[in-house]
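As a plain string of letters, each chain reads:
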Amino acid sequence: MSEVTISRRSVLAGSALLLASTALPTIGWAQTPKKGGRLVVAADSEPRNLNPAIVASNGVFFISSKIVEPLAEASFDGKDGLDPRLATSWEGATDGLSVTFKLREGVKWHDGKPFTSADVAFSALQIWKPLQNLGRTVFKDLEAVDTPDELTAVLKFAKPTPFQLIRNALPALSSVVPKHVYETGKIEENPANNTPVGTGPFKFAEHKPGEYYRLEKNGDYWGKDQPYLDEIIYQVLPDRTSAASALEAEEIQLAAFSAVPLADLDRISKVPGLKVITKGYEALTYQLVVEINHRRKELADLKVRQAIAHAIDKDFVVKTVFLGYAASATGPVPKNDPQFYTADVPTYAFDVAKANALLDEAGYSKGDDGKRFSLKLLPAPYFNETKQFGDYLRQALATIGIDAQLVNNDSAAHIKAVYTDHAFDLAVGPPVFRGDPAISTTILVQSGIPDGVPFSNQGGYKNDELDAVIAKASETLDPAARTELYKEFQKKVVADLPLINVAEWNFISVVRDTVANVANNPRWAVSNWADTWLEA
Amino acid sequence: MSPLRRFLRTPEAVAGAIILVALFAMALTAPLFFPGDPQAIAGPALLPPFQDWSLPLGTDRLGRDVLAALLHGARTSLAVGLAAAAAALAFGAVVGTLAGFAGSLVDEVLMRITDAFQTVPSFLLALAFVSVVGPSLGVVVAAIALGAWTAPARVARAEVLSIRERDFVAGARVIGMHPLEIAFREVLPNALPPVLALSSVIVAAAILTEAALSFLGLGDPNRVTWGGMIAEGRAVLRTAPSLSIIPGVALVLTVLGVYLTGEGVVETAAVRRSLS
Amino acid sequence: MTRALLLLRRRLVGSVFVLLIVVIGTFLLLEAAPGDAVDAYIVSTGGDAGMIELLRHRWGLDQSALTRLATYLWALLHLDLGQSVTFSRPIRDVILERLPNTLLLMGSATALSFGLGSALGIYAGARPGSFRDRLLSIGSLALYAVPGFWLGLVLIIVFAVDLRWFPIGGIESIASGRTGLDRAADIARHLVLPVSALGFIYLALYLRMMRAGMAEVWRQDFVLAARAKGLSRRRIVLAHVARNALLPLVTMLGLQSAQMLGGSVVIESVFSVPGLGRLAQEAVAARDTPLLLGIILVSAVLVIVINLLVDIAYAFLDPRVGASEAGA
Chain A
1 MSEVTISRRS VLAGSALLLA STALPTIGWA QTPKKGGRLV VAADSEPRNL
51 NPAIVASNGV FFISSKIVEP LAEASFDGKD GLDPRLATSW EGATDGLSVT
101 FKLREGVKWH DGKPFTSADV AFSALQIWKP LQNLGRTVFK DLEAVDTPDE
151 LTAVLKFAKP TPFQLIRNAL PALSSVVPKH VYETGKIEEN PANNTPVGTG
201 PFKFAEHKPG EYYRLEKNGD YWGKDQPYLD EIIYQVLPDR TSAASALEAE
251 EIQLAAFSAV PLADLDRISK VPGLKVITKG YEALTYQLVV EINHRRKELA
301 DLKVRQAIAH AIDKDFVVKT VFLGYAASAT GPVPKNDPQF YTADVPTYAF
351 DVAKANALLD EAGYSKGDDG KRFSLKLLPA PYFNETKQFG DYLRQALATI
401 GIDAQLVNND SAAHIKAVYT DHAFDLAVGP PVFRGDPAIS TTILVQSGIP
451 DGVPFSNQGG YKNDELDAVI AKASETLDPA ARTELYKEFQ KKVVADLPLI
501 NVAEWNFISV VRDTVANVAN NPRWAVSNWA DTWLEA
Chain B
1 MSPLRRFLRT PEAVAGAIIL VALFAMALTA PLFFPGDPQA IAGPALLPPF
51 QDWSLPLGTD RLGRDVLAAL LHGARTSLAV GLAAAAAALA FGAVVGTLAG
101 FAGSLVDEVL MRITDAFQTV PSFLLALAFV SVVGPSLGVV VAAIALGAWT
151 APARVARAEV LSIRERDFVA GARVIGMHPL EIAFREVLPN ALPPVLALSS
201 VIVAAAILTE AALSFLGLGD PNRVTWGGMI AEGRAVLRTA PSLSIIPGVA
251 LVLTVLGVYL TGEGVVETAA VRRSLS
Chain C
1 MTRALLLLRR RLVGSVFVLL IVVIGTFLLL EAAPGDAVDA YIVSTGGDAG
51 MIELLRHRWG LDQSALTRLA TYLWALLHLD LGQSVTFSRP IRDVILERLP
101 NTLLLMGSAT ALSFGLGSAL GIYAGARPGS FRDRLLSIGS LALYAVPGFW
151 LGLVLIIVFA VDLRWFPIGG IESIASGRTG LDRAADIARH LVLPVSALGF
201 IYLALYLRMM RAGMAEVWRQ DFVLAARAKG LSRRRIVLAH VARNALLPLV
251 TMLGLQSAQM LGGSVVIESV FSVPGLGRLA QEAVAARDTP LLLGIILVSA
301 VLVIVINLLV DIAYAFLDPR VGASEAGA
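Chains A, B and C supply the protein sequences, listed in that same order. The UniProt record's numbering puts the first residue of the first sequence at 1, with every later residue one more than the last. The UniProt record's numbering puts the first residue of the second sequence at 1, with every later residue one more than the last. The UniProt record's numbering puts the first residue of the third sequence at 1, with every later residue one more than the last.
In short, the hints are calculated from the structure, not lab data. Mixed in with the good hints, there may be bad ones.
[Claimed, not checked] Which chain C residues face chain A? A few, computed with CB under 7 Å, are given here:
1. Ala-32
2. Pro-34
3. Asp-39
4. Ile-42
5. Ile-156
6. Pro-274
7. Ala-313
[Stated by the list, open to error] Computed beta-carbon distance windows for the label pairs:
8. Val-192/C / Ser-447/A: 56 to 66 Å
9. Pro-90/C / Ala-481/A: 51 to 61 Å
10. Asp-80/A / Arg-183/C: 50 to 60 Å
11. Ala-119/C / Lys-279/A: 54 to 64 Å
12. Gly-460/A / Pro-179/B: 50 to 60 Å
13. Ser-447/A / Leu-79/C: 50 to 60 Å
14. Leu-180/B / Ala-65/C: 28 to 38 Å
15. Arg-6/B / Ser-232/C: 30 to 40 Å
Computed from a predicted model, the values in this text were never measured in an experiment. Positions of the beta carbon are idealized from the N, C-alpha and C atoms, including for glycine.
Could you build all of it, start to finish, from the sequences and the hints given here?
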């Protein structure tokens with residue numbers, strides 16, 4: 001086993017890891033967490049802003065969730081799917097106008113000052129509501145935050161806001177930052193945005209641009225005996241083949257967010273000492289979606305959209321593009337969502353003959369060259385899989401006589417072309433499902449969104465019935481009734497196909513088997529890692 | 001000794017020529033052997049080479065035929081190389097001739113622009129240009145030419161400077177030819193040989209630049225190129241090394257072929273010149 | 001002396017024009033790009049219309065292109081490279097952080113390809129047409145024809161993953177607390193693979209040039225004279241032939257300096273080296289116009305300075321300077 005093999009590298013590195021192993025010579029086989037050690041993790045990008053209260057995105061959370069904590073974290077078995085963090089309890093009023101949080105006692109900021117309800121009030125009113133990318137929607141009706149005592153914060157809303165939504169939003173949207181650091185000067189320009197101060201198990205130590213981030217243990221953390229690790233290093237590895245090499249060379253111990261290409265997983269799972277883990281991303285499901293520009297007259301015809309849906313072999317996509325690390329999608333809510341998913345929707349089996357028949361029916365017969373019409377297809381460049389699916393979709397469309405020309409843009413150009421200029425016919429997008437349709441999938445189909453809003457309905461689709469369901473769900477307080485409305489929403493979307501949901505996938509981690517307590521919650525990669533530890 | 005025989009006497013040049021002929025044969029016959037879309041899905045994904053004789057070189061990540069892609073890739077890679085070189089040489093020769101022939105202010109301005117292009121790394125320029133305009137084959141060609149025209153321009157200018165004082169140019173002036181006509185009908189053709197000598201270097205560099213752009217995700221997804229195949233194959237370098245080795249070998253052979261032939265031709269021409 | 005100063009002044013005035021063309025050209029190119037810095041930023045965050053407007057305003061992107069160009073040029077006049085919109089830090093700091101790494105990488109790679117290339121070129125050119133001559137020049141050409149990123153990946157797999165002789169990337173060990181010589185050795189160990197990948201590509205260039213140059217020199221009178229005098233072959237090769245064939249290589253060195261930065265874009269990304277090439281690529285992707293302008297300006301100044309140095313070196317190596325020996 002690895003605890004007895006001292007590798008050449010760890011001898012050379014002479015790291016804290018080795019020191020720890022000599023200091024604690026008895027290594028129990030039982031799961032007694034060991035203290036100490038440095039965890040080195042692959043990072044593929046360097047977020048420009050590390051404040052998770054302003055930028056609620058996985059790239060930022062990956063690093064800053066260890067430093068700045070939310071009120072509650074996602075959990076496999078906790079009540080409401082949540083685990084308490086800075087809040088110990090939460091309760092919504094029946095009129096939907098307030099939510100009361102009881103806060104944890106004895107929590108200190110990394111600079112030693114005590115954490116109080118004033119910090120929550122400040123974060124909510126000054127940051128989440130006006131500045132946060134997602135909070136601007138969820139907290140739009142937040143009016144005030146009452147702080148009757150140091151450990152109670154009451155969020156007050158001007159209009160009834162479903163408690164279910166607030167609850168679902170807590171892990172991603174409720175990062176609390178210290179009021180005393182942010183109250184002077186402009187929040188967006190505060191230096192702490194790049195050197196965050198929080199209450200989490202790790203403190204920000206340094207960032208060497210282009211090289212690494214270093215976090216060090218917070219000795220004053222509120223969790224008993226936690227954290228176990230001394231240090232976390234995020235090593236910047238920009239090329240997508242580096243993470244696998246670095247793992248094999250034992251230079252890093254963890255590559256999260258599918259940093260190891262899917263096609264390499266089978267091989268790397270056989271490398272001694274490395275494990276491929278598919279858990280720990282359940283609350284971060286990505287959806288593979290064909291976005292449709294309904295301004296194109298052919299695509300405004302439901303029959304054509306149905307034909308395209310019938311032409312896509314979802315099983316092939318799952319098996320070949322995702323190598324099995326995905327599931328085929330039935331509709332706009334992923335199958336692994338515990339609250340809202342319904343399978344009771346229309347289906348579109350892979351059937352090329354039927355697709356051709358539908359197109360003939362719609363009046364687009366094949367020309368002499370076998371082509372019916374041409375389309376511009378823009379696969380999003382951010383993932384390898386979206387590009388590969390673009391290649392596949394072009395071939396799939398060719399079999400039904402639609403000639404698709406691929407347009408390969410970089411990220412900025414893609415965002416501009418699709419969401420501002422609408423210069424596309426079909427696009428392939430990877431929207432994230434954030435545990436509640438109100439903060440994820442509805443925005444892709446509802447109308448009335450101004451031009452330029454990314455990852456939203458910019459295909460010119462308008463369906464009054466669907467808009468009405470979405471509007472009603474956003475103000476329905478009863479969770480059961482709200483869930484029902486979203487089930488109806490799924491049915492309507494799949495029936496009318498404003499977009500086509502093809503597959504949904506979760507990321508994969510590859511980790512050295514000396515790392516313990518990996519993937520123990522549904523947002524593990526972006527949670528605080530207070531209980532993660534290293535066998536020597 | 002005739003130039004052809006001299007050429008045939010250098011084994012490198014002959015080897016280069018054979019490679020090039022084979023390459024052109026591949027490029028020209030690709031549509032005969034593989035009439036359909038080379039990007040069509042032809043079989044199971046990641047089939048290793050020499051397993052199934054209907055797909056002799058195996059398939060890639062999506063199940064596309066590697067042999068079909070290789071043959072069609074020869075077309076695009078050659079087209080990119082030749083088109084970029086032609087554009088760079090033509091543009092460079094014109095700029096160089098104008099600068100050298102006009103002299104003074106025009107020369108100064110054109111040469112400062114040439115300097116500017118030469119100070120910016122040509123790959124960085126290509127990268128920025130393709131990101132900005134969007135990757136399609138034409139844009140990639142233009143981007144490569146944009147970074148490659150300066151050397152031909154400088155060589156052309158130097159040649160023109162030495163030619164423009166010669167008798168036949170003076171003669172053309174005397175009979176009242178328009179300066180531009182003199183520049184392009186009398187001077188440019190004579191300045192051309194050393195400029196053309198650069199073509200093999202530019203063709204080779206263009207093919208490699210296209211590969212590097214594909215590596216950074218800036219290839220044309222509607223066409224198969226060898227660079228694109230290598231770039232895509234690198235994600236499975238350990239599991240399916242043939243996917244990047246096969247087009248890689250083709251690329252190396254092509255660049256070698258272009259270089260050696262080019263050198264053979266230049267040397268043959270040089271000997272002939274020094275003899276005459 | 002005054003002539004040299006005059007030449008220098010002319011060069012400097014010319015350089016200012018060159019830099020101005022570079023700046024305006026780059027600015028216009030990025031201005032024509034689809035999507036701006038905000039579009040590039042919201043890829044990873046999303047956000048609503050209000051937030052996007054807020055960002056455009058904060059980053060000054062709601063002003064006209066002409067205003068921004070004028071502001072930039074005015075600041076540049078005061079030697080201020082401005083603020084990076086995406087890093088929210090002064091561009092000078094961002095560039096200075098990476099410049100040493102790039103200089104180290106490019107300098108070592110140039111030294112490798114120039115040193116080894118010309119040495120092998122001399123070795124090959126000493127016996128033109130021999131087997132070793134052909135083998136070396138074709139072998140180096142084959143290296144030149146391998147795409148740099150692919151060569152890099154193979155080097156990583158062989159020497160970093162399988163043999164574990166060298167680290168897979170980076171510029172030095174992370175937070176190791178090394179100082180002095182220890183640190184220098186650590187950095188050197190990290191540089192071996194990227195320098196090899198970058199240097200081997202350009203090896204062919206110097207090798208073939210050296211060889212071709214030597215073939216040319218062999219035919220010249222003074223070499224024939226030296227041979228007639230019965231000097232040893234080794235002496236002739238090193239003192240006469242190679243020395244004279246070195247001149248065009250030095251010129252090449254100046255011309256190549258700009259190209260190496262381009263080649264390092266790919267190598268820096270494969271080997272995770274935090275250098276200017278990768279930064280430039282990131283600046284293009286992030287549509288960070290002032291940052292890209294800064295990088296291109298710095299590299300242009302670098303190229304101009306290197307070429308000046310090359311000219312000085314040329315003066316030392318010029319055969320007319322050493323005419324007495326050549327004519328002996």
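Against the structure, the hints:
A distance limit of 7 Å between C-beta atoms decides the matter here; for Ala-32/C the minimum to chain A is near 11 Å, and the interface restraint is violated. A hinted interface residue such as Pro-34/C counts as satisfied when its beta carbon comes closer than 7 Å to some beta carbon of chain A; here the least separation is about 4 Å, so the hint holds. The interface hint given for Asp-39/C is met, as the beta carbon of that residue sits about 4 Å from the closest beta carbon of chain A, less than 7 Å. With its C-beta approaching chain A no nearer than about 5 Å, Ile-42/C sits inside the 7 Å limit, and its interface hint holds.
For Ile-156/C, the interface hint holds, since its Cβ comes within 7 Å of a Cβ in chain A; the closest pair sits about 5 Å apart. Because the smallest distance between the Cβ of Pro-274/C and any Cβ of chain A comes to about 2 Å, under 7 Å, the interface hint for this residue holds. Look at Ala-313/C: its Cβ only gets to about 32 Å from chain A, farther than 7 Å, so that hint breaks. The hinted range of 56 to 66 Å is satisfied by Val-192/C and Ser-447/A, whose Cβ atoms lie roughly 59 Å apart.
Our hint of 51 to 61 Å for Pro-90/C and Ala-481/A holds, since their Cβ atoms are close to 55 Å apart. Evaluation of the 50 to 60 Å hint for Asp-80/A and Arg-183/C yields a pass: the beta carbon distance comes to about 52 Å. The given range of 54 to 64 Å is respected by Ala-119/C and Lys-279/A, whose C-beta atoms sit roughly 56 Å from each other. Taken as a hint, the range 50 to 60 Å holds for the pair Gly-460/A and Pro-179/B, whose Cβ atoms sit roughly 57 Å apart.
Between Ser-447/A and Leu-79/C the CB atoms are about 52 Å apart, so this pair conforms to the stated range of 50 to 60 Å. In this structure the supplied range 28 to 38 Å holds for Leu-180/B paired with Ala-65/C, their Cβ-Cβ distance being about 35 Å. Between Arg-6/B and Ser-232/C the C-beta distance comes to about 32 Å, which sits within the given range of 30 to 40 Å.
Of the numbered hints stated above, those contradicted by the structure are hints 1, 7, listed in ascending order.
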